[in-house]
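Visitor: Keeping their order, the protein sequence lines are chains A and B. With my numbering, the residue at position 296 of the first sequence is 296, and numbering never jumps. With my numbering, the residue at position 359 of the second sequence is 359, and numbering never jumps.
Calculated directly from the structure, the hints in this document are not laboratory data. Think of the CB as a built atom: it goes at the ideal place given N, C-alpha and C, for glycine as much as any other residue. Certain hints may be false.
Claimed, not checked - Here are the computed distance ranges between Cβ atoms for each label pair:
{"#": "1", "chain 1": "A", "residue 1": "LEU106", "chain 2": "B", "residue 2": "ASN275", "range": "49 to 55 angstroms"}
{"#": "2", "chain 1": "A", "residue 1": "LEU137", "chain 2": "B", "residue 2": "ILE158", "range": "16 to 22 angstroms"}
{"#": "3", "chain 1": "A", "residue 1": "TYR198", "chain 2": "B", "residue 2": "LEU215", "range": "53 to 59 angstroms"}
{"#": "4", "chain 1": "B", "residue 1": "PHE173", "chain 2": "A", "residue 2": "ALA62", "range": "21 to 27 angstroms"}
{"#": "5", "chain 1": "B", "residue 1": "CYS266", "chain 2": "A", "residue 2": "LEU334", "range": "42 to 48 angstroms"}
{"#": "6", "chain 1": "A", "residue 1": "PRO265", "chain 2": "B", "residue 2": "ILE45", "range": "23 to 29 angstroms"}
{"#": "7", "chain 1": "B", "residue 1": "LEU215", "chain 2": "A", "residue 2": "LEU137", "range": "49 to 55 angstroms"}
Claimed, not checked - With a straight-line cut-off of 27 angstroms between C-alpha atoms, the simulated DSS-like cross-links for lysine-lysine are:
{"#": "8", "chain 1": "A", "residue 1": "LYS342", "chain 2": "B", "residue 2": "LYS175"}
{"#": "9", "chain 1": "A", "residue 1": "LYS64", "chain 2": "B", "residue 2": "LYS175"}
{"#": "10", "chain 1": "B", "residue 1": "LYS271", "chain 2": "A", "residue 2": "LYS64"}
{"#": "11", "chain 1": "B", "residue 1": "LYS269", "chain 2": "B", "residue 2": "LYS256"}
{"#": "12", "chain 1": "B", "residue 1": "LYS35", "chain 2": "A", "residue 2": "LYS64"}
{"#": "13", "chain 1": "B", "residue 1": "LYS65", "chain 2": "A", "residue 2": "LYS61"}
{"#": "14", "chain 1": "B", "residue 1": "LYS35", "chain 2": "A", "residue 2": "LYS249"}
{"#": "15", "chain 1": "A", "residue 1": "LYS61", "chain 2": "B", "residue 2": "LYS256"}
{"#": "16", "chain 1": "B", "residue 1": "LYS65", "chain 2": "A", "residue 2": "LYS64"}
{"#": "17", "chain 1": "B", "residue 1": "LYS298", "chain 2": "B", "residue 2": "LYS65"}
{"#": "18", "chain 1": "A", "residue 1": "LYS238", "chain 2": "B", "residue 2": "LYS263"}
{"#": "19", "chain 1": "B", "residue 1": "LYS174", "chain 2": "B", "residue 2": "LYS35"}
{"#": "20", "chain 1": "A", "residue 1": "LYS166", "chain 2": "B", "residue 2": "LYS35"}
{"#": "21", "chain 1": "A", "residue 1": "LYS238", "chain 2": "A", "residue 2": "LYS253"}
{"#": "22", "chain 1": "B", "residue 1": "LYS357", "chain 2": "A", "residue 2": "LYS64"}
{"#": "23", "chain 1": "B", "residue 1": "LYS256", "chain 2": "A", "residue 2": "LYS342"}
{"#": "24", "chain 1": "A", "residue 1": "LYS61", "chain 2": "B", "residue 2": "LYS271"}
{"#": "25", "chain 1": "A", "residue 1": "LYS202", "chain 2": "A", "residue 2": "LYS212"}
{"#": "26", "chain 1": "B", "residue 1": "LYS174", "chain 2": "A", "residue 2": "LYS61"}
{"#": "27", "chain 1": "A", "residue 1": "LYS253", "chain 2": "B", "residue 2": "LYS35"}
{"#": "28", "chain 1": "A", "residue 1": "LYS64", "chain 2": "B", "residue 2": "LYS298"}
{"#": "29", "chain 1": "A", "residue 1": "LYS261", "chain 2": "B", "residue 2": "LYS263"}
{"#": "30", "chain 1": "B", "residue 1": "LYS256", "chain 2": "B", "residue 2": "LYS298"}
{"#": "31", "chain 1": "B", "residue 1": "LYS263", "chain 2": "A", "residue 2": "LYS61"}
{"#": "32", "chain 1": "A", "residue 1": "LYS166", "chain 2": "A", "residue 2": "LYS261"}
{"#": "33", "chain 1": "B", "residue 1": "LYS174", "chain 2": "A", "residue 2": "LYS342"}
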Amino acid sequence: MAKQVTGAYDDRNFIQKLFHLKGKSEKQREREAKPEYQAIDTSRMQLVIKDRARNADQLAKAQKVAHIIFLVITYAFLIFMSVIVLFPFYWMVITSLKSTTEIRSLHQTFFPQNVLWSNYITVFNSFDFVTYVGNTLLVGVISTAGTLVTTIFAAFAFARLNFTGKGALFAILLATMMIPGEMMVITNYITVSRLPWYEFGKGMQEGWLNNKDSVFAAMIVPFWVSVFYIYLLRQNFKQIPNELYLAAKVDGKSDWQYLWKVMVPLAMPTLISIFILKLMGAWNSYVWPNLVTTSNKEWRLVTNALRGSFTNSSGDPEYGIQMAATILVTVPLLLLFIFFRKYIMRGVGRAGIKG
Amino acid sequence: MANEVSKPKRRFNILSIFRRKERVSADAGERNNWKAWLYLAPTIILMAVFTFYPLINTIVIAFLKNYDYISQVHEGFTMENFGVVLGLVGRSEMMNADGIYESIFRWNCTRFESDGVVGIYLNSEGVVSRAYFTMNVIRYAFPNTLLITFITVPLSIIIALLISIGLNSIPAFKKFFQTIFFIPYVTNAIAVGMVFAVLFDYKGILNYLLGLGTLTWIDQAAPAWRGMIALCVYIIWHSLPFKILIFLSGLQNIDKQYYDAAKIDCAGKMKTMLNVTVPLLSPQILYIMITSFIGSFKEYTSVVGLFGQQGTSPGSYNMYTVVYYIYDMVNSNVQYGAAAAVLLFLVIMLFTAIQFKVSKTRVHY
Numbered sequence: 001m002a003k004q005v006t007g008a009y010d011d012r013n014f015i016q017k018l019f020h021l022k023g024k025s026e027k028q029r030e031r032e033a034k035p036e037y038q039a040i041d042t043s044r045m046q047l048v049i050k051d052r053a054r055n056a057d058q059l060a061k062a063q064k065v066a067h068i069i070f071l072v073i074t075y076a077f078l079i080f081m082s083v084i085v086l087f088p089f090y091w092m093v094i095t096s097l098k099s100t101t102e103i104r105s106l107h108q109t110f111f112p113q114n115v116l117w118s119n120y121i122t123v124f125n126s127f128d129f130v131t132y133v134g135n136t137l138l139v140g141v142i143s144t145a146g147t148l149v150t151t152i153f154a155a156f157a158f159a160r161l162n163f164t165g166k167g168a169l170f171a172i173l174l175a176t177m178m179i180p181g182e183m184m185v186i187t188n189y190i191t192v193s194r195l196p197w198y199e200f201g202k203g204m205q206e207g208w209l210n211n212k213d214s215v216f217a218a219m220i221v222p223f224w225v226s227v228f229y230i231y232l233l234r235q236n237f238k239q240i241p242n243e244l245y246l247a248a249k250v251d252g253k254s255d256w257q258y259l260w261k262v263m264v265p266l267a268m269p270t271l272i273s274i275f276i277l278k279l280m281g282a283w284n285s286y287v288w289p290n291l292v293t294t295s296n297k298e299w300r301l302v303t304n305a306l307r308g309s310f311t312n313s314s315g316d317p318e319y320g321i322q323m324a325a326t327i328l329v330t331v332p333l334l335l336l337f338i339f340f341r342k343y344i345m346r347g348v349g350r351a352g353i354k355g
Numbered sequence: 001m002a003n004e005v006s007k008p009k010r011r012f013n014i015l016s017i018f019r020r021k022e023r024v025s026a027d028a029g030e031r032n033n034w035k036a037w038l039y040l041a042p043t044i045i046l047m048a049v050f051t052f053y054p055l056i057n058t059i060v061i062a063f064l065k066n067y068d069y070i071s072q073v074h075e076g077f078t079m080e081n082f083g084v085v086l087g088l089v090g091r092s093e094m095m096n097a098d099g100i101y102e103s104i105f106r107w108n109c110t111r112f113e114s115d116g117v118v119g120i121y122l123n124s125e126g127v128v129s130r131a132y133f134t135m136n137v138i139r140y141a142f143p144n145t146l147l148i149t150f151i152t153v154p155l156s157i158i159i160a161l162l163i164s165i166g167l168n169s170i171p172a173f174k175k176f177f178q179t180i181f182f183i184p185y186v187t188n189a190i191a192v193g194m195v196f197a198v199l200f201d202y203k204g205i206l207n208y209l210l211g212l213g214t215l216t217w218i219d220q221a222a223p224a225w226r227g228m229i230a231l232c233v234y235i236i237w238h239s240l241p242f243k244i245l246i247f248l249s250g251l252q253n254i255d256k257q258y259y260d261a262a263k264i265d266c267a268g269k270m271k272t273m274l275n276v277t278v279p280l281l282s283p284q285i286l287y288i289m290i291t292s293f294i295g296s297f298k299e300y301t302s303v304v305g306l307f308g309q310q311g312t313s314p315g316s317y318n319m320y321t322v323v324y325y326i327y328d329m330v331n332s333n334v335q336y337g338a339a340a341a342v343l344l345f346l347v348i349m350l351f352t353a354i355q356f357k358v359s360k361t362r363v364h365y
């Protein structure tokens, strides 16, 4: 095309210049101008793979560089995100050690000018922290123990025993996990405020919400069953080989002995996961305790007491004291996480595999 | 459910559970009915009282007129509770001889824009009446809940996906980062909400770092959209760890062969991510989508944590959510709470059904 339009260069001349072919015969020129006719020295042949004018070595190098750049970006992203994730914790600690004037000054400091421990002392003096933690632990431990018992029994029945309607019952239990808990809270509140309660010295009382023992019962009993944990433990029980069961039967062990002597010890990791997750759930529970402990502030759990405390006379929040209390609530959870990280992450991770 | 998801050949059929299978297996042995039911008795009794009965009872309460839960008195069945929740029906209350207002429904009143008492008047017999609408749900709770859902769910899924793909592709410090990203999971929603309240304070660190002066985010004077931003940031922060954990366990189960095949085909990192990783992770993404949709429809403790006991600035319902309304009504007008709970239940069921339907075509098993 270009030749036709401009006529600027001769095709033959161009090839001659390119291959320094001046002064050779027409035939030679023709042969040598086409590289495919050239004699090939196979002993010195080299395979060159090219992609966009880069050979394999260059390509590998480029790939390596790209990989390093990718890693740098990935690490930078992960570090950035972990700073975001951790920053609230850092700020919580820093704020708890600052004075109110420093917290609310226009020039924020990333480290307290003078480290102040008085916020923590104020928490213990003005806020019945020990009582609330005691309440929470009591509720947490008893509801967890109850949950473990019902869960072990139910999981055993579903995993090992054979009975009419097993599949249907299990499907119904799983279906209840789809129902939002708010549906239950409404009626459960009515139920516990109307159920009879026997109080020593006073006889039968109507309602669970006016007496300390019954309020605690109201915080514990409805949470003795967890379908999700039944599912989790059943899956675990099912993995235990049948041969063990048959061997136990040959040895003359009853189902009851088999459950406690073989299955429970083998499923210990799952049981520990359930125990810790349930305990953390009690520590973090807010909605239900908030509803049932309205008659006496002394019966509240730690999370309920936390919110709405520590405002000064004009209604402004005392952030330093608030953060000190928040740390006291958060640290036990973090300690649990440090010591039982494996169990917690495994228990939570199972949730996803289960679906 | 994921079991069914991951094994397409064994589709779960609801009828199959009623079909009695005559299996002869070593573990089953003979049917020991009474023994099994004995083991199940604690679970079944507790669930009957605290799960199955409440489920039915709440639905019944949603249809009761002027239900008083203490005396268990009501005035028959009605649909009006739903109308009140949706702001379609105004209520007028009449003071009785004891000086207590008794509510009466009035259909087809003109709708009022504001919430609360519309007017107090004396009728011909000299009885004090007052008329009012409950507009909180339709004006604040539903829009807020939908907003929270449609902002936080996609954003947190994308961020969690990026983080977990990043975590999966780094050679070192994987466990270290994984632990850091899991920490928000083991925190108290109320406590950390209070920390975020400090961060978003008008004299707080966020304004200082971004150079925004004394911009209000969560205070009474703050506009609703800024409160919503603060709330969404907190919800996303708090919901990341669970998602990352699930995505990461899904990523670790993906066969390396797929990536080798993608490499041979000269697929770039981006292409590999979009065409290999995301489709193979789709069961986990579906699971996370459903659970986080349900979770964000029920957002409550994050609101309490961030905005305080009243949940919103006093007297205003800027950050009201549906579940907030339900818990507000438990003590006073339980029938409206029940009606809202039933509506919430239906909406959640609808969304879950839609997602399952969509997933049938989109989810790669």
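Visitor: Against this structure, judge whether each hint is valid.
Guide: Here's how the hints hold up against the structure:
In this structure the supplied range 49 to 55 angstroms holds for A:LEU106 paired with B:ASN275, their Cβ-Cβ distance being about 51 angstroms. Distance hint check for A:LEU137 and B:ILE158: the Cβ-Cβ separation is about 39 angstroms, which falls outside the suggested range of 16 to 22 angstroms. Range check, A:TYR198 to B:LEU215: about 57 angstroms between beta-carbon atoms, so the 53 to 59 angstroms window is met. One distance hint, 21 to 27 angstroms for the beta-carbon pair B:PHE173 and A:ALA62, holds here, with the actual separation near 26 angstroms.
Checked against the hint of 42 to 48 angstroms, the C-beta distance between B:CYS266 and A:LEU334 comes to roughly 46 angstroms, which is consistent with it. With their beta carbons about 28 angstroms apart, A:PRO265 and B:ILE45 fall inside the hinted range of 23 to 29 angstroms. A beta carbon spacing of about 41 angstroms between B:LEU215 and A:LEU137 contradicts the range 49 to 55 angstroms that was offered as a hint. Annotation: proposed proximity of A:LYS342 to B:LYS175 holds, straight-line Cα distance about 11 angstroms (limit 27 angstroms).
Taking the CA atoms of A:LYS64 and B:LYS175, the gap is near 24 angstroms; set against the 27 angstroms cutoff, the hint holds. A hinted pair counts as satisfied when its Cα atoms are at most 27 angstroms apart, and B:LYS271 with A:LYS64 qualifies at roughly 18 angstroms. Between B:LYS269 and B:LYS256 the alpha-carbon distance is near 14 angstroms, which keeps this suggested pair within the 27 angstroms criterion. In summary, the hint linking B:LYS35 to A:LYS64 is not supported, as the alpha carbons are separated by about 65 angstroms, beyond the 27 angstroms threshold.
With a C-alpha separation of about 77 angstroms, the suggested pairing of B:LYS65 with A:LYS61 is violated against the 27 angstroms cut-off. This hinted pair checks out: B:LYS35 and A:LYS249 have alpha carbons roughly 16 angstroms apart, not beyond 27 angstroms. Simply put, A:LYS61 and B:LYS256 have alpha-carbon atoms about 23 angstroms apart, close enough for the 27 angstroms limit, and the pair holds. Proposed proximity of B:LYS65 and A:LYS64 is contradicted: the alpha carbons are some 73 angstroms apart, above 27 angstroms.
Proposed proximity of B:LYS298 and B:LYS65 is supported: the alpha carbons are some 26 angstroms apart, at most 27 angstroms. Between A:LYS238 and B:LYS263 the CA atoms are separated by roughly 40 angstroms; this puts the pair beyond 27 angstroms, and the hint is violated. The suggested pairing of B:LYS174 with B:LYS35 is violated, with an alpha-carbon distance near 48 angstroms, which exceeds 27 angstroms. Annotation: proposed proximity of A:LYS166 to B:LYS35 holds, straight-line Cα distance about 13 angstroms (limit 27 angstroms).
Straight-line distance between C-alpha atoms of A:LYS238 and A:LYS253 comes to about 19 angstroms, which keeps the hinted pair within the 27 angstroms bound. In summary, the hint linking B:LYS357 to A:LYS64 is not supported, as the alpha carbons are separated by about 43 angstroms, beyond the 27 angstroms threshold. Restraint check: the Cα-Cα separation between B:LYS256 and A:LYS342 comes to about 25 angstroms, which is no more than 27 angstroms; the hinted pair holds. Among the hinted pairs, A:LYS61 with B:LYS271 is consistent with the structure: their alpha-carbon atoms are about 21 angstroms apart, no more than 27 angstroms.
With a C-alpha separation of about 13 angstroms, the suggested pair A:LYS202 and A:LYS212 falls inside the 27 angstroms cut-off, and the hint holds. Simply put, B:LYS174 and A:LYS61 have alpha-carbon atoms about 26 angstroms apart, close enough for the 27 angstroms limit, and the pair holds. Restraint check for A:LYS253 and B:LYS35: satisfied, since their Cα atoms lie roughly 15 angstroms apart, inside the 27 angstroms limit. Between A:LYS64 and B:LYS298 the alpha-carbon distance is near 48 angstroms, which puts this suggested pair outside the 27 angstroms criterion.
For a cut-off of 27 angstroms, the pair hint linking A:LYS261 to B:LYS263 is broken: about 52 angstroms separates their Cα positions. Restraint check for B:LYS256 and B:LYS298: the C-alpha separation of about 38 angstroms exceeds 27 angstroms, so the hint is violated. Between B:LYS263 and A:LYS61 the alpha-carbon distance is near 16 angstroms, which keeps this suggested pair within the 27 angstroms criterion. For the hint linking A:LYS166 to A:LYS261, the alpha-carbon distance of about 24 angstroms falls within 27 angstroms, and the restraint holds.
In summary, the hint linking B:LYS174 to A:LYS342 is supported, as the alpha carbons are separated by about 15 angstroms, within the 27 angstroms threshold.
Hint compliance for this structure: hints 2, 7, 12, 13, 16, 18, 19, 22, 28, 29, 30 are not met, and every other hint is.
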